[in-house]
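Protein chains: 4
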Amino acid sequence: MLPAFSTTTHTETAKRLAREVNTFVDAEIIPNELLLAQQGEQSLRLQSGLAHKARQAGLCGLFYPLSHGGKIASLEDYLLVAEQEGRTEFSQAIFASHTALDAHMLLKFGNEAIHEQFLQPLVSGDALPCYGMTEPGHSGSIPSLITTTAYLSNGHWHIDGRKWFISNANRATFMTVLARTAGKETALNQALSMIIVPTGTPGFKIERQLTMMGHSYGQGEVSLTAVQVPEHYLIGTCGGGLDLMNKRLGLGRLLRAMNWIGLAQRCMDLMGARIHSSRGKFSRLAEKQLVRQHIFNTYQAIAGARELIRIAARGVDAQNPDEIAINVAKMAASHALCIASDCAMQLYGAEGLSDLTPLYGINRIARTSRILDGNDESLISSVGRRLISHYQHHAVYSFD
Amino acid sequence: MLPAFSTTTHTETAKRLAREVNTFVDAEIIPNELLLAQQGEQSLRLQSGLAHKARQAGLCGLFYPLSHGGKIASLEDYLLVAEQEGRTEFSQAIFASHTALDAHMLLKFGNEAIHEQFLQPLVSGDALPCYGMTEPGHSGSIPSLITTTAYLSNGHWHIDGRKWFISNANRATFMTVLARTAGKETALNQALSMIIVPTGTPGFKIERQLTMMGHSYGQGEVSLTAVQVPEHYLIGTCGGGLDLMNKRLGLGRLLRAMNWIGLAQRCMDLMGARIHSSRGKFSRLAEKQLVRQHIFNTYQAIAGARELIRIAARGVDAQNPDEIAINVAKMAASHALCIASDCAMQLYGAEGLSDLTPLYGINRIARTSRILDGNDESLISSVGRRLISHYQHHAVYSFD
Amino acid sequence: MLPAFSTTTHTETAKRLAREVNTFVDAEIIPNELLLAQQGEQSLRLQSGLAHKARQAGLCGLFYPLSHGGKIASLEDYLLVAEQEGRTEFSQAIFASHTALDAHMLLKFGNEAIHEQFLQPLVSGDALPCYGMTEPGHSGSIPSLITTTAYLSNGHWHIDGRKWFISNANRATFMTVLARTAGKETALNQALSMIIVPTGTPGFKIERQLTMMGHSYGQGEVSLTAVQVPEHYLIGTCGGGLDLMNKRLGLGRLLRAMNWIGLAQRCMDLMGARIHSSRGKFSRLAEKQLVRQHIFNTYQAIAGARELIRIAARGVDAQNPDEIAINVAKMAASHALCIASDCAMQLYGAEGLSDLTPLYGINRIARTSRILDGNDESLISSVGRRLISHYQHHAVYSFD
Amino acid sequence: MLPAFSTTTHTETAKRLAREVNTFVDAEIIPNELLLAQQGEQSLRLQSGLAHKARQAGLCGLFYPLSHGGKIASLEDYLLVAEQEGRTEFSQAIFASHTALDAHMLLKFGNEAIHEQFLQPLVSGDALPCYGMTEPGHSGSIPSLITTTAYLSNGHWHIDGRKWFISNANRATFMTVLARTAGKETALNQALSMIIVPTGTPGFKIERQLTMMGHSYGQGEVSLTAVQVPEHYLIGTCGGGLDLMNKRLGLGRLLRAMNWIGLAQRCMDLMGARIHSSRGKFSRLAEKQLVRQHIFNTYQAIAGARELIRIAARGVDAQNPDEIAINVAKMAASHALCIASDCAMQLYGAEGLSDLTPLYGINRIARTSRILDGNDESLISSVGRRLISHYQHHAVYSFD
Ligand SMILES: Cc1cc2nc3c(=O)[nH]c(=O)nc-3n(C[C@H](O)[C@H](O)[C@H](O)COP(=O)(O)OP(=O)(O)OC[C@H]3O[C@@H](n4cnc5c(N)ncnc54)[C@H](O)[C@@H]3O)c2cc1C
Ligand SMILES: Cc1cc2nc3c(=O)[nH]c(=O)nc-3n(C[C@H](O)[C@H](O)[C@H](O)COP(=O)(O)OP(=O)(O)OC[C@H]3O[C@@H](n4cnc5c(N)ncnc54)[C@H](O)[C@@H]3O)c2cc1C
Ligand SMILES: Cc1cc2nc3c(=O)[nH]c(=O)nc-3n(C[C@H](O)[C@H](O)[C@H](O)COP(=O)(O)OP(=O)(O)OC[C@H]3O[C@@H](n4cnc5c(N)ncnc54)[C@H](O)[C@@H]3O)c2cc1C
Ligand SMILES: Cc1cc2nc3c(=O)[nH]c(=O)nc-3n(C[C@H](O)[C@H](O)[C@H](O)COP(=O)(O)OP(=O)(O)OC[C@H]3O[C@@H](n4cnc5c(N)ncnc54)[C@H](O)[C@@H]3O)c2cc1C
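Protein chains in written order, with our numbering: chain A, 1084 to 1483; chain B, 1084 to 1483; chain C, 1084 to 1483; chain D, 1084 to 1483.
Everything labelled a hint here was simulated from the structure, so no lab data went into it. Worth double-checking, as some hints may not be accurate.
[To be verified] Mimicking BS3-like on lysine-lysine, the simulated pairs with C-alpha atoms at most 25 Å apart in a straight line are: (1) C:Lys1098 to C:Lys1136; (2) C:Lys1267 to A:Lys1364; (3) B:Lys1364 to D:Lys1267.
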């Protein structure tokens, strides 16, 4: 049974929802994990069924904007729930939590028509967004290299380009495309824009599906050829795409990091289960210091990352997002998940590598976390640069 | 300039005191650090002078019990101040912060006579405590091996034994001795007791001074031969020594961990200074990713450890100390200090190894932190064991 | 072009063969890797075709016993060739190198009938061995838990039990079964035996196929129900199974470690290619210190592991295998592969996770290497124990 | 007892000398280590006495050029002896091994007058060299920043500048000064030169002594003011200083790395001793997996580093020094020593920090090894750069 979350400062709503999500995950999703992991029709049907059940139980889109069905307003408060959702790799689609980011972006930066045409169906579960930023042949971490172009003519955006590694491309109903709307002579922070493209628009084509560590997440390579969409499908301002991209990344990183912490906790619980299983008892795993070290390291990584996320979330809640805090939280959560899933997999031996446990899937998520939403190296470099430049003006860094 | 600590939940008192301590450290101690580091008469005189100044400025014993001159009641609140104190390795003696632990122990577990004879002079700066637990030839981490004995006869404790690595033994006015008051047949948690021994008592002898990484902290080896002290010099109950020892350790670990975080921050600040110095500019250190990695790692370690301490401190404040939380906080703080001081020393090159910077002293503190107050290995093992045993009864670990 | 291997002490034969294997791998296997990675009929056909080609080119079974078609006698000498083979994860089946271990075991511990019935077809490519040690529900690392039983009756071994994670179980023509031939009262080193069971024998059944990190290596779970094989299918002596198992493990670890080093070198080469690709140039990867650190770490890990393997191999060649040296070499090679494949995957970003590069497959091999043939923890523990016990009798450890 | 070194390819001379050095270290130096560690007159006298004894035993300057009293010609062969010497931090001065580097430099690049005036007394123990490269206020790792100048006039070099962190400056009889002999317009590889300056020359002044982690190694800060020395005190060619500096560094790194390995082995032996001591038995250290992990890690680091040194040494012996191999060997040896000394110190607890064991001194050497002779970061960066540039022309890196 899950404890009462009593020592924290979370709202009663968040505590209640966290408990409900916890129960749902345990009762409905975890028993089906190995099935859900098998790619194919049956698994997709199962997933749809569970999503339907979650929606009926009032557990879908909990972090949608309050105006659009969400139930939790502050990011810090949502941490509690997001961790519970995150305990299984399948929950994002089931709880529609992966679309909360798009919902917030559309609400904040979309006009009314967009709210009606895209946001409304999204929160009711009738539309599925995807995000088209990364391009083949270019480094995803360098936005200045974006080559997809859009120009306005006759009240329409004309878009040409190619995107890849687009999650859910195969099932999405629309894509938010990051495109270049001005030439190389324009400063980057005025040269990019975000435009919505329904996936049914002529010229939008999924060229191929890509797998991620052997698993298909619907990651698609997409071509946009002479695609046309109405002028008002622009999000934010024309030329403001870089700014939007960074805002999206900031929130996106934290939402994902919260899920990762939940998944890391799950790994720790799986370790506990193994150690006390009859197999674990035979091998006297509980007495082995190297096993204790695994669980110690996992605990410490999770506990620390959790608080780093909380601090970063608090900044976002206070409309004062701190990029250093956000990126460090993302890195810490990714690290906690990597440690946790590696230790758990190790403890399960050959079984942990096989399809008899959910560990292999979790391990995959862990590995992608070091590349996704900002790879380790560029985050270390940019956070380091910012910290260093702080010292140009100050002798002391204050952690408050 | 130090920021306003505005985002945290600390009291105004703590914020103000933290700022005052910060100013004092910057103005009075840091300029004298290299002198203070030179062992000898002059340095001791300097230290006494600074301690006197700090007392006059009302910055001494800030975490003493409120009833005895302290100004901050909650451990979490004290975190803010303790970090500022910790920014120099010399502050403990100057701010008398290292005796706060003894003050709390004496107040809580000593009788009135003890309050008068030992606690009162301690808080007024006229007495200096030391703690006699570790014994030569035995593993300090295993209390069952304690061989110093005490028996009651004629209203006096008769004590025989030998202790070593006793901090401040050379200057202390009394020692709290952990002794065996019952035979091997008695369970350990009823066999040990804590008794106060004034260092002037006949039979109390400092056999030799030991250095720590080449530096003398007044670490003494002490023999107790037919020492006699009055019966009421017992702290707590007879046989309750193990329990007291654990209570002392818990609080002691957190107090020290807070100081370590301050010292780690100092190292980060020293890195910043070096990078922007003319030397650092010549070598273009700010642009080097390996330098950025050092500062990133340092930041992350500090920021995480700080929150782990906060959580553990909150538990203590709520009279609900959690041994797992405390030990993990200690390990994280020690780790943060090790990372920070190693990176800073590395960045300063040969100079960082020399007596031209305070880094070598900081590095020494860092190295002892992995042995002191519970060595890494036994903490990993005992925290791991506890976490594992949690799973005997629960399927899930909750971090709240 | 591959250099002349001039500085080493290897035979001309080994140098020549290494060059030929290198050419074959580059020309025939690497261009087909992505196809070979797709599981299914087509990929299996491709693999057979390549195996045929390799046999015709005289590059199959190079480490078979010289009497049975092998071309290299000493393990140290084979290191050169094994690395070249190891550069692709598909080479073992193509060069039949994974059966060299069985060939040596059969030759050394099998009787003449076994040589004729099993060894002969094996080296000619008409038989495929598999090895049945690990059992479901038990810790694979603890041989004392083996429950499969065999007893002799009427000139036949009667075998009952269950094995899992048996590589190549789906295609093997015979299995070497480790079974218990004496009761719990018998000392373990006299209680186990190895018996050959043709996979067509009645009672031998593949219950299911298990995947390894999402990939099927033909890893089977196999039941043996009242299986009967002739008495002379025993390898070694009755009761000598534990000894044989250790001998097999020793040689097996080194052979695999050699392959891993080749695979790790491949990762390094892939990094080099990426850095100098047009993508890598756009991102100026060559100038980034964190990228240089990756390649530095990879180089150091490979170069060190390679020599540790050499030392261990020399011991085996001199009929004086040193278990410490072998296990440390295994761990170092596994570590080098883990580092190398992780760095390479990281450097390739999302592409490195996808099916557009061989990295994901290599990463899988890397992850299994820490569990296979002795998991990290039990190797650390047993090597540590041996090293410690050395000091019971000696004051000094000599590395010569 | 030390084994027979039988499995290696070393000469009988090297084996014999290694055994003699081993005996000398065990019998004469180790029992005196704690005394030698105390700085002061007595310790210096003891050291001189031991140096005298070593010279009489024919164990001094074993790696001097054969023409000048050396007994071992090849660097690889010397590895065996250097490790034995390295087992105590005091051996360099006692075995005069730290001057072998200067001896080789003087022989190879000095003219006959230099051979007579400086090399001859050096090898007979009547002269002591020091090396003046690093300058205050500048990054020691960047030779282009050298500001000490020398110009030729009237058959004399006129030298002005300042050097610091000069080992043995306090006792040296001459210094090899790296100075700028051409202006900024000249390419660096033609702008620096090496000139010998006897320390008694007017204008040569030791400004102050610097300590290294609290210990004085005679590290001096030296000013050269209008110093004049004869023209023929130039070593090598005028302008060839950078090349000489690199040659010196290459050989110097390997010689030191060999000593470090010996010191690391010593740490491992000390661990063994502790584990089997009565204290270690009380704590059952032999059974603790975390202790086994320490000894495992130590072993692996030493064994790997040793072979990396061997490979690099072989290159030097073959007149084909490979900078990558040398730098990687240096880093690996430094790492092995850091691991070994850290683990040993940890295992000894408070005692390991104190002056009751040699560990604290060893730890100091370990920490300097990451800065001395090329700091970690610049070596990682430069080796990484070289490896990467290899791939500009080759698709494959060969480790042979
Ligand atoms: C699971 C998953 C889902 C994704 N979903 C989407 C999606 O829905 N929509 C979308 O648009 N994109 C998506 N992506 C793509 C993602 O945005 C990119 O992978 C990411 O931006 C990194 O870009 P890249 O893969 O091109 O790597 P690159 O930017 O080419 O970087 C590759 C590597 O180069 C090195 N490197 C890069 N920069 C530096 C530096 N400054 N210093 C040192 N080293 C450096 C690092 O090792 C880095 O990992 C997804 C990716 C993954 C893995
Ligand atoms: C700076 C400093 C100040 C100190 N001040 C005081 C003081 O004022 N009063 C006082 O009484 N004492 C003091 N001490 C002593 C301190 O309490 C002891 O050092 C500490 O308890 C550890 O004991 P030990 O040194 O005997 O190490 P041991 O307990 O012998 O442990 C030594 C090492 O053995 C290994 N080890 C031990 N247990 C395990 C295990 N379960 N599993 C695996 N490995 C293990 C670890 O590597 C450990 O570091 C001080 C120590 C230091 C360093
Ligand atoms: C790719 C692959 C191919 C294989 N092929 C074959 C095959 O052909 N034939 C065959 O018989 N088997 C095969 N195996 C099985 C292999 O032999 C076992 O996986 C291995 O022996 C480990 O056993 P286990 O998986 O049962 O793990 P366990 O022995 O249960 O160990 C699981 C984990 O427990 C922990 N642990 C165990 N012991 C200790 C200890 N002393 N101290 C601390 N922690 C410990 C470790 O974390 C370890 O990883 C294969 C395995 C793999 C991965
Ligand atoms: C024990 C000891 C003995 C010595 N003996 C002598 C002697 O006899 N004679 C003599 O001339 N000198 C001697 N030295 C000095 C030695 O040569 C220098 O310490 C060394 O060259 C490094 O220079 P530095 O200390 O000025 O550090 P710097 O070159 O200033 O480097 C300081 C730090 O900056 C960072 N850094 C530097 N470059 C880079 C980069 N490219 N990328 C990222 N980070 C970087 C690293 O963290 C580095 O550690 C000795 C030093 C020691 C420690």
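Hint by hint, here is what the structure shows:
Taken as a hint, the lysine 1098 of chain C and lysine 1136 of chain C pair is honoured in the structure, with Cα atoms around 21 Å apart against an allowance of 25 Å. The straight-line distance between the Cα atoms of lysine 1267 of chain C and lysine 1364 of chain A is roughly 19 Å, inside the 25 Å bound, and the hint therefore holds. Pair hint lysine 1364 of chain B plus lysine 1267 of chain D holds up; C-alpha atoms about 19 Å apart against a cutoff of 25 Å.
In this structure, every one of the numbered hints holds.
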